[in-house]
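Chemist: Below are the chains, spelled out letter by letter.
Number of protein chains: 2
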Amino acid sequence: MPVLVMKFGGTSVANIDRIRRAAKRVGVEVANGYDVIVIVSAMSGRTNELVGWVDEISPLYDAREYDAVVSSGENVTAGLMALTLQEMDVPARSWQGWQVPLITTSAHSAARIEEIPTDNISTKFAEGMRVAVVAGFQGISPEGRVTTLGRGGSDTTAVAFAAAFEAERCDIYTDVDGVYTTDPRVTDKARKLDKIAFEEMLELASLGAKVLQTRSVELAMRYNVRLRVVSSFEEQSDNAGTLVCAEEDIMESNVVSGIAYSRDEAKMTLISVADRPGIAAAIFGPLSDAGVNVDMIIQNISEEGRTDMTFSCPTNQVARAEKAMQGAKDRGEINYHDLVADTDVAKISAVGIGMRSQSGVAAKMFKTLSDEGINIKVIATSEIKISVLVDRKYMELAVQALHDAFELDKAA
Amino acid sequence: MPVLVMKFGGTSVANIDRIRRAAKRVGVEVANGYDVIVIVSAMSGRTNELVGWVDEISPLYDAREYDAVVSSGENVTAGLMALTLQEMDVPARSWQGWQVPLITTSAHSAARIEEIPTDNISTKFAEGMRVAVVAGFQGISPEGRVTTLGRGGSDTTAVAFAAAFEAERCDIYTDVDGVYTTDPRVTDKARKLDKIAFEEMLELASLGAKVLQTRSVELAMRYNVRLRVVSSFEEQSDNAGTLVCAEEDIMESNVVSGIAYSRDEAKMTLISVADRPGIAAAIFGPLSDAGVNVDMIIQNISEEGRTDMTFSCPTNQVARAEKAMQGAKDRGEINYHDLVADTDVAKISAVGIGMRSQSGVAAKMFKTLSDEGINIKVIATSEIKISVLVDRKYMELAVQALHDAFELDKAA
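These protein sequence lines map, in sequence, to chains A and B.
So for the first sequence, my numbering puts the first residue at 518; every next one is plus one.
So for the second sequence, my numbering puts the first residue at 518; every next one is plus one.
Only chain A is shown next, with the shape it has when bound in the complex (with noise of 0.2 Å):
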């Protein structure tokens, strides 16, 4: 029979009544005649109450007992969502992680996914399971410990296993009904878009949106899974959701898709490095191996031999970075004079395939956030987007002004 992956994020699953409504969608697509591979996230607020725990312990945490403890909400909505199932007659099991096994990396708590298995669990389709329940998010690394791929994991884990099983489709189940030029709580001009190119997706999710993980993205543009964003609370037959495909798939776009923000940024600034031939290496290698994901990095003109080094990283980063920078100056790696930490800062990302043949978009972009006396902070930019960091209390000004300056509520 045909398979296709099923992901609910944690609203989806958030209490009993709403794993039932879930379960009432899979055995839809049962009858369908498709089995069915779950993918659940933890039930909301359940992550972060286990994060909160960890925080709270030590915020320099050992990333494997990290994994340990918060892989254990997936755990609970997997069994959960088996039983409504077996409830509803619909034949059905869960899998942990490890019994897959959903064999990983050993990068605790932001493990890459090395192999999925596929035997178990189509031996289980074969004897006439209907839908194999999976625990999102989690793996086991090679020397046999808990692993998690990161916040919103469980979408990688569902592309994963439409690539593994050859799925039909990826539907991820979620809040909204799809993907929007902006995050509707911001301006309510934001537009649901119809179809989006995996690259464009690819950007607004590594920016902030929070719709799908960026290695889910990734994933599903390499191994051309059709991913599905769908909403859990509107009827079916209405929702056709937000269909993520190839650029050729896309007949007409606008010249920038969408505006993204994240206000998790933080602005770090290396005062007065000693400049010569290897000092970025030796200030990046440190932060890599610390598990600190730098985005923007600035460079300023060098001075009699010094020079400031800026960069961004998540704000719940910053403590890693420190620790980081202060090991490779003890170890005499680097010297600087002070490192200051700016966490009141929001990035503010404009993102469309368009911009490669359109040019002007960056002057536009600048002069728009001119205009509202907004100051730039630092700026990235790529083929398909430009990014900016400015004050946090000027972000929801700047997406709005944004989003009118690219007239995105107008479709193509």
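I should point out that these hints are in silico values taken from the structure, not numbers from a laboratory.
No copy labels: a pair is met if it fits in one copy or bridges any two.
Computed list of lysine to any residue pairs in SDA-like fashion (alpha-carbon distance at most 25 Å, straight line): (1) 840 <-> 608; (2) 641 <-> 661; (3) 709 <-> 875; (4) 727 <-> 572; (5) 846 <-> 825; (6) 541 <-> 567; (7) 840 <-> 895; (8) 641 <-> 625; (9) 712 <-> 900; (10) 840 <-> 603; (11) 727 <-> 760; (12) 727 <-> 860.
We have chain A; now place chain B onto it with these hints.
Modeler: Relative to chain A, chain B alone:
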């Protein structure tokens, strides 16, 4: 280094502060030169919450999924405890049941421990790790699925580890400071026992005293594990707790050592059963197969080839018992007029090894209850205990009256 097992119950790890407090106790024993195996329960309330969700989905749940769900609470505590110890510079790591691996039977939600290989943990001790934090209550079946040992199973986990690692002692840290002659909430005359014999503890545990799980005491008795019940909430020096030990280590004891009660008992009566040879097996075989823990059994005098058969079982197994009996009836294995469940009863028991050498204990118990106007519904006795079922409204009164009658407020 000698090994010590320390088990912390749910209230002892109810929040991060309490986990820190427990970790400090562990740190003291590490400083004393022990390699410590810490067994943790779920944070208090967690397991009930998980069980509640399962019950909400289906009262006749698949025990394999139940186990997958309810075992998650212990994984959380194990990771948090390991992190807390690391933060105190005590080398520690967590183990989930399947990682040990703690191998059990496939009797889900009431599995028995088959084997605890010591290699993995011993290797880590040899490498300098000082504390292995193990998630209690759970194991892995030969089929590779998560199993649980039944409520209170973490005590059994602790004793089994103490036996496997030949630990010097197994300390059960809990919210009471020892074993009492009866529940202090029922009478303020309840008195803490310094020592209690394995056999007595076994009866008290199986009769509803919540201090230790029955099987943990069985195991401790079989492997002669020195078992100590001690409070997490008092200063260690003031807190000798209660030592559970062999009968010969106790010099003097009262005829009755304790009065236990259980409100989670239901009285089931099969009305007008066709009486024939093998009828008991035809009734209690299916109940056993359905996982119903039958305690007391009474068969009425047979009249005209028919009789009433009464038995007691835990209240939460009533639905299961009814289903098992209906099934046996449908298959023509038994024949009865009606099955009546009375869940408004309580079981009261008097326990003491002194009963072996002293007569008249039963008579005194029945007279005491009669003097209080309490009707006895079912009686069951063993060598060292007498149990009765009474209306639940008389439960506290019965316990108080018996505690007075056997003068349990006075030491032997």
